[in-house]
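Q: Residue numbers (this note's numbering), protein chains in the order written: chain D, 106 to 356; chain W, 329 to 1076.
Do not rely on the hints blindly, as some may be mistaken.
In silico DSSO-like cross-links for lysine-lysine, where the CA-CA straight-line distance does not exceed 30 Å [stated by the list, open to error]:
hint: 1; chain 1: D; residue 1: Lys248; chain 2: W; residue 2: Lys820
hint: 2; chain 1: D; residue 1: Lys313; chain 2: D; residue 2: Lys295
hint: 3; chain 1: D; residue 1: Lys168; chain 2: W; residue 2: Lys717
hint: 4; chain 1: D; residue 1: Lys168; chain 2: W; residue 2: Lys820
hint: 5; chain 1: D; residue 1: Lys168; chain 2: D; residue 2: Lys295
Derived by calculation from the structure, the hints in this document are not laboratory data.
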Amino acid sequence: MTTVNDPVFVKDLTKTYYDESRGSVHAVRQIGFTCNPGEIFGLLGANGAGKTTTLRMLTTILKPSAGTAKIMGYDVAEEPVKVRRHVGFYSATTALYPRLTARETIEFFARINGYDASRTPARVDELVERFGIEEYARARIDKLSSGMKQKVAIARTLAHDPPILVFDEPTVGLDVLNALEMQAILTELKAQGKTILFSTHIMSEAEKLCDRIAIIHEGRILASGTLEALRERTGAHYLEDIFVSFIQEAA
Amino acid sequence: MNRATIGLLYRNEMRMLLRDRRTVVLSILLPLLVLPAILFGFKFMNEWRQEQQDTTTYRYAVVGAYADSVRALIARGETRAAGGPAENVDLVENGDPAETGDPAEDGGPAGNAEPADTGDDDRQPASFLEVEAAMPDSSLEAGDLDFYLEALTGSEADSLDLARAAADTAETGDGDDTTEHGEEAVVEVTVADERYPGVPVVRVYYRANRDDSRRGSALLVDRMMDARKQDRAEALRESGLETDPDEAIRLSRVDVATPAQAAGFYFGRLLPLLLVFLTLTGASVAAMDSVAGEKERGSLETLLTTSVRRIEIIAAKQLTILSVALFITLAQAGNLFVYLGLGFIDLPAEMDIDVSPVAVLVLFVMYIPVAIVVSSLLLLISAYAKTYKETQLYLLPVFLGLMVLTAAGLLPAVSLRSLIAVVPVANVSVAVREIMVGHYDIPMLLVASASMLLAAFLMLRWSSRMLDNERLVTAQDMDEADLAGGAALFPKRVLLWFLGMWAIVIIAPSNIDALTRLEGQWAFNMFGVFFLGSLLMIQVHRLDWRQALAIRPVRPQVWLAVLLLVPSTLLTGIFVVGLSSVFLPFPEELLEQFASELLPDDFPLWQIMLMMALTPGIVEEMAFRGLLLHGLHRRLRPVVLILVVGIIFGLFHQALFRIIPTTYLGVVITTVAVLTGSIFPCMLLHAGNNAFAFLLYRYGVEIETWPPELLLLNVPVFVFALYLLYRYRTPYPGLLPFRKGVRGDPAD
């Protein structure tokens, strides 16, 4: 049952903004969903469907035009600082500081998110070891390869040990091996009890990782539920067919 | 705000900043080295110049029937210069101390740092060599001569005077001492301007564009005058007169300022420009990297997902940029103290300033608010821009604007005890000049500091709001227009176009001979810049010309309103001009020159109306209320839009004293454009305003002398005309809402 005490609670969330060249843009229209503790919830949609705008609202980068969104019971509009303290946000557009080292980066993001100063060095060591970045932990980020940067970026996201993790298209632009590594990390984090909200336009990825999926199209959630439930509703087996079926129904 | 968080962010910012080689060079090394480099440069230049003076032999020729007597006079002058102490010759008969004063001062600003004792001039070491010159004019032109003297006997001079008098009757008003050579930049120095018949004349021809020519001729004239003075004294003594008639009243100028104060006056004018320039250069690098750079790299979004508040991010970034600005200021204060205060460099007299530790401290304290304002402004720009490139685009006008404000210290006769005390940056510039001559006006210094701190506070608040503006933070939409190009790109490029046009309008007249006169400039600006520029913008961005030029019909009542606005805008403008002259005094002579060059009395009225009213009314409106307004109307809210278009219009009217009145006119016309959505009423108002103004000038109507009540009567007409426009408005299509919160604006 849906409650405001769920790790992620979204109701009638809307985002409309004014663009110089396009006029009023309705990026997200009255969407609603919840995430249960320790599950991976996937937002599946094509480019421009409203996934990133939704996740940006949930991480307080953007302010909702209407509706409610709560993270660990904190309203994103009213208590943004508390929301951010409980969230780790990773996306292809959230870059690292090129002139810091990997170690400095993890340390900085742990401290800035309120992680206890005395425990920070141990936390940094733990993450450096977990992601196997000991060798280049003292190298500047701008000297690292994209694969290494990706690992540092995930370590940065986890630095303050948040209960909720938001991954916005985390495998975009990655090669197969790195994408698989990313999927393994997500599974491992889930196993640690983290609640993961995850957006993608790659069907196989959603099929493989997500406990529940919401299909988002033109700012609206067309359907949400487990893969099995979605199969039942459409009669299709593959997620790709399920996705197309909902899009056609909406059209 | 959490101080520990700000501290953490600040340390991180500084760490990154100090790891950037470009920032280190521009923000640390350059500011540390520029002042010593300038001072050492002055020192070496001065020594080199002195050496040149010591070793230079000035070549001259003497021509004319009276040459031998002149040679004898020169010889006596040289003997006196080489001999014992000269008599005080500060009674310069030529009447122009700039020409005959200390040659070392010739290059400096007129009236600045005049020598304390001009009597020392003719004792400067110099050697002269007379050479033969059959064609002295050509030799001077070719550089074979530094100058030459034309010595005329009394009768020759008399006949020349008669010829000149005849020529003068043909050319009225030519009563100066310019000869036919004068037109070719050869300036004549006569030993006496008025002479009795039969008195010989010596003219010294030199070229003011050559150092040796100017200096050598001035030195030789001084020596000749000294010798002549001595001759006269001796002649008078021989006649039994013990006292020189010139000495009946002993006249002398006594400079009670210490040389250090005089030097401080000179240096104090330049110091603010140097400081603001260095602060802007160094801090802008830090500012660009800190916000716009972070946006471009995407790390700002990362930071915004952390549990820090936006105001804390802004505060830390502000502290970082401020640290750079303060470091630069401190470095300059330290440099001043070390190199000038402690006399680390043996400087020439005009740079030998008495910089006490108190003066350095006061200067540093005065510059703290400047550093805050500059850093806030830079942060504001960097927060507003989405990319490095965009920041650089906005920086240029801000840079120029700040330098113009800083140049207030160069304005003569402006003291801190005036309205300038509340004009940010300009007030500090004037204050520094006063401090450098040892004048501490404490109450006004406090007023200036308070005004600066207020400006800094307002900008800080503004920049904090910028990071709340989602459109400016998130990166996903930023390149859409760039990719689309054409008309979609025009709003992003329109300011660049106008910056380019402005640069052309400013630079071209000083580099193209044909544009040195005002009518040449007029033709170039109207057709070469505004008309061609407008056509190019339409062509390059593939704009719909009807939309871009606001070709739309208006309601009939609008025409009545505009007809009422024509005189009332001008009359209301008189108040604005009156107000603006408090800050920028109206230079009457410039205005006269402007009017006489552009509006010769013999021009037929229709021609003046065509040039001054109709053409600008059409062409300037195409550019400003057409393309500029079209480009900006979806980027700025209406009130800001009207102000920005008005200000840009004003800035194109280069002369400083014309900017405020034309900005005012620009604001009124843009208001008409915004209310009517059409260019036609703007054209009528612009042309009507110009025509009215020039008719008043032509027929000598001086509105400034009218009683204020009469001018006040005009205000209701002005207001009524604006009301009519509002009542029958057909607003400019696609304007942004007047306030936030409408139409789902991203700044909600």
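Q: Is Lys313 (chain D) close enough to Lys295 (chain D), meaning Cα to Cα at most 30 Å?
A: 13 Å, holds
Q: Do the alpha carbons of Lys248 (chain D) and Lys820 (chain W) lie within 30 Å of each other, as the hint requires?
A: This hinted pair is violated, its Cα atoms lying about 34 Å apart.
Q: Does Lys168 (chain D) pair with Lys820 (chain W) here, judged by a C-alpha cut-off of 30 Å?
A: Given pair Lys168 (chain D), Lys820 (chain W) holds - Cα atoms ~26 Å apart, limit 30 Å.
Q: With the threshold set at 30 Å, check whether the alpha-carbon distance from Lys168 (chain D) to Lys295 (chain D) stays at or below it.
A: Roughly 28 Å separates the two Cα atoms, so the pair holds.
Q: Below or equal to 30 Å on CA atoms is what counts here, so check Lys168 (chain D) against Lys717 (chain W).
A: Holds: Lys168 (chain D) and Lys717 (chain W) sit about 27 Å apart, inside 30 Å.
In the structure shown, a violation is registered for the earlier hint numbered 1 alone.
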